[in-house]
Amino acid sequence: MELSAKYNPSETEDKWYAYWLEHKFFHSEPDGREPYTIVIPPPNVTGILHMGHVLNNTLNDVLVRKARMDGKNACWVPGTDHASIATENKVVAKLRAEGIEKENLTREEFLKYAWEWKEKHGGIILSQLRKLGASCDWDRTKFTMDPELSEAVINTFVYFYKKGYIYRGIRMVNWDPVGHTAVSDEEVVHRDTVSKFYHLRYFISDGNGNPTDKYIIIATTRPETIMADAAVCINPEDERYHWLKGKKVLIPLINKEIPIIEDSYVEMGFGTGCLKVTPAHDVNDYEIGIRHNLPVVDIIDDHGRLNEKAQILVGEDRFDARHKIEGMLREAGNLEKLEDYTSPVGYSERTNAVIEPRLSMQWFLKMDALAKEALESVESGKVKLIPDKYRNTYRHWMENVKDWCISRQLWWGQRIPAYYLPDGRFVVESTPEAALEAAKKINPDITAADLKQDEDVLDTWFSSWLWPISVFDPEKPGHPEHRPNADLAYYYPTSDLVTGPDILFFWVARMIMAGNEFMKDIPFRNVYLTGIVRDKLGRKMSKTLGNSPDPLDLIDKYGADAVRLGMLLCSSAGNDILYDEAQIEQGRNFCNKIWNAYRLVSGWKTDDDAVQPQASAVAVRWFGNKLSLVLGQVEDHFSKFRISDALMTIYKFFWDDFCSWYLEAVKPAYNTGIDRATYAATTGYFEALLKMIHPVMPFITEELWQAMEPRMAGETIMLQRYPTAGECDNTLIGDFENACEAVAGVRNIRQQKNISPKEPLTLKVRTGFPEWTVPVIEKLANVNVVIAEFSGEKASGVTFMVKTHEMFVPLTGLVNAEEEMAKLLSVIEYQEKFLESVRKKLSNEKFVNGAPEKVVAMERKKEADSIAKIEAARASLKALKGE
RNA sequence: GGGAGCAUAGCUCAGUUGGUUCAGAGCGUCUGCCUUACAAGCAGAGGGUCGGGGGUUCGACUCCCUCUGCUCCCACCA
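Note that numbering that gives the first Met the number 0 gives residue 700 to position 701 of the first sequence, counting from 1, and the numbers run on in steps of one.
Wrong hints could be hidden among the right ones.
Stated by the list, open to error - FRET-style restraints, in silico, Cβ to Cβ:
1) Lys757 x Asn591: 23 to 33 angstroms
2) Arg170 x Asp552: 38 to 48 angstroms
3) Lys323 x Pro443: 52 to 62 angstroms
Worth flagging that the hints you see were computed from the coordinates, not collected in a lab.
Quick reminder that beta carbons are idealized off the backbone N, C-alpha and C, glycines included.
Using the sequences and the hints given, assemble the complete structure.
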C-alpha cells in the first residue's frame, strides 16, 4: 500500500467512529468488572459546540478511554439540559422574529413551539461531540426534561416540601426584566459600571405639603425611583442634619410628603449623608423599610417599565425614564449637580439585563442543613476537588449560603406542583390527582376544576442537581424507600466529574447535596475543574469579540485528534488555557509524525537470513527499559490528574526516544531487509505506543493499529489493555543517555568544523565508558569508536566531556588551538568556582552533620567529578600548548 | 469592602514533604541541512540573579514577613 506523506484525518475519522458505534464499544452494562463512571456536564439542549465544550469533553473522553483500556467497565453518560431561561429566551426571540409575541400565546401553545424548537435543534451538540470522538454511551442519552427525569424533579420538590425545607414567601429577589423572571443570587454577575451620581434637592415641607425654601441634597444613581421613596434617612449621629429631625420632605416632581427617619445604616461620609429609602427597589432600603414600618410602593413592572404608581413617566422603560427625569428635575430646579460614578451593577447571567431588585412571591429551598453536609463531604476529602485550591472557595460559599430561590416565572421547565384552592391555600403533591385528594381533606367540596396549579417552573439547576442519580434511576430521588435499581447500584457514585469552576456552586455543590440527601453518598469522588478557554491575548472567548473559532472548522482543517491534542497540551487543572491555533498545528504535526513513523516501519521487509545488528540489539534493549520507565511516569501523572504532563511525556517519548533515537538506531540500510528479532520488537513497541496515545488521539491510533496487521472483525484498539510498566534498569537507561550525548557531541563538532555527516570520523574514549552502547554511537554519529588512551595527541583534535567521560575526535589540520584553549579555560574557570562552593559546603560541619547522608554523599561525588573535569581540561590545555 | 490565588526563558507553563550537576519542558528564536518516514521535517545552539527587599536554615524557586504588579471569587446599584 502506497501511503501519502501526510496524514489525512478526514479519510479515517468518520469511518472509525461509525465502526465503534456499530460494534457498540461505548455501551456499558453492569457486570463483574470495576465500574468507571462519568456523567457529562449536560450542555444546553439548543447549544452548539464551543471551545469550552471541546476542552471539557476531550478531558472527559481521555479519562474514559484510559479507564476502559485499564480494564474497567467504563460508562460515560451523555445528555442535554433544558436550560429553562436560556432556551425560553431563544424560543421567544425566534417567535418574535416571526411576528409572534409570547404574551399572546397560551402556555400550551408556547410549549408546543418550544418542544418543536427542541426537537429541531436539540442534540445538535451531541452529534458535534461525535465529531470530536467522544466515546459516550449514546444508548443512555438523557435530557433533563425527559418525562421520567421531570417526574424525579417533581418528586424531589414534593419530598423537600413535606420535609419542611421548601417554603413560599414574598422576598426581595433578583428580577430579570428581559427574561421576566426571578433568578437566583448565583445567576447575578456584578460588574463595575459607569453611571451618574445625581444630587437632588428635596425641599422641606411646611407641614401642609407645600415646599419651604429649605432643602436637603440626596445623592442617588437611580432618580427614576424617587417616586417610590418612602422616607429620607439620616444617621442619628450626624449633627449636620439634627435640625431635620421630625420634619418631612417632598419628593421632587410629585410633591409627595415623606418622613425623615434615622438609621445607623447610613454612612455619614458617603454621598451627602442623606439616603432616600426606596423599599420596593433596593434590598437594603427594604430592610430599613421593615425596621421603620415604611410603606412599599412598587413602581416598576415585570418588563422594567414604570407603572401607574409612579404617577409620572408611566410606561417608560427604567433607563428611558432615568434619562427623561433628569431633564424634568433640572427644569424643576431639583437637580443640584451630576457626577460620573462607577459602581458595581448586577446583571443577569443569562440575558445580561440589569437586575432589578424586586419584591415578589417566590419559592425557596432551605439550604443550611444541606450545605453543612455538602461542606463536610469536601472537607473530609470524600469528594476531592482538583486543584485543591477550590476547597477554600467552596467552603466560603457553603458557610455563607442563603436559601435558594427555586421558582422561575417561565414556562419552559418543570412546573411547580403546588395547587391552589380558591381560598388561596395550597397543597403540594406530585400529581393533580394526589393534589385533589389532599385538597379534599381541606375542603371536601373541592373539584379538580377548582384547583389551580402554580404558574412558575423550577430553576434548571433544581433538575440538574439530580443528574448523577436520575440518569441511572429517575425513580430514586424523592423516594427513599424505592425499589433497588441495578444500574444505580453499580454506577453510583460516579468516579470523576470534569467541569468548569464557574458552576462549582450552581451544579457541583448541589449535586453533592442531592447525593447526600437521596443516596446517603457522594455523587463523585473527584471533581476536575478545568480552566476557561481564552484567546491568546487572555480575553474570554465571546461571540461579540468574534475571537472564538468554530471547533468544527478546526476539526475539518486539522482533524479531531489534532484539536484534542492541541487543547490538552497546555491545560493543567484549574488554569485558564490561552488558546492559540499554533497548538492545534502542533497536534496536527504530531499526527503526521506518527503517520510517517508508521510509513517507515511498514515499508520494512523482513529478511530471515539477516542477523540482528549490534546497534539494533542495543537499541531494543534500551527502549524496552525506557518504555517501562515512561509508563510508570505516565501512570503517575494520570493518577494525579496531570493530563497535560502525561500527554507531554508520551509526546516526547514518541517523538524523541522512539523516532529520533530508536528508529534511527534500528533503521536498516537502504534496500536492505531487517532481521526478524528487531522487526518484531519494533512493531511491538509501536503497538504499545499507539495504545499509550489512543486515549488522547483515538482516530489515528485506531487507523494505524488496524493497519499494522490483519485484525479480526470487531477488534479495536480502544478495548486493548493499556500497557503497564515492568521492571526497568535505570543504569542501562543512563548508559544509553550517555551514548546519545556522545553522538550529540560528535554532531556538534561536525557542525562547528563544517564536516559532513557522511564523512566517517574516529571517536576515542577511555576505558570505563559503558562499552555495550558503542554500536549505537558508531551508527548514529558515523564514527569508529576506539577505546584507548589519547592524552598525547590532544593537540591534534577536539575533546569533549560526557558526564565524567572525556572523549576525543582526532581532526588533523582542523583544530584552532586558540579557540580550543579559550573553551578549556572557561570550563576550568566554571568548574573551579563550582568546586569551591562544593568544598565550602563540605567543610561546614553543620552541613556534614545536619544534612542527610545521601545529600552529603552527593556533594562528595560532585567534588570528585569536578576535580576530574578540571584535571582533564588542564591536561588538554597542556597538550594544546605543546607542553 | 471581604476573601483567595498568582508572579520562574521571548510566549505558555512544570518544578510534588527545603537537599540528586536543579534552574526545567513545549512552542518560538538562531545556525546548518531538500540525509532514500516526515521541510507540518532533520541536526545543533543560544536563552532566566526564579517580581523587589528582609528573615529562618548548614542549605531557599521551595518556609515566614514586607513591598510592587496582576487575576479570580464573594459582596446591598445611596
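Here is how each hint holds up against the structure:
1. Lys757 x Asn591: 23 to 33 angstroms: holds, 27 angstroms
2. Arg170 x Asp552: 38 to 48 angstroms: holds, 46 angstroms
3. Lys323 x Pro443: 52 to 62 angstroms: holds, 56 angstroms
Against the hints set out earlier in the document, no violation occurs for any number.
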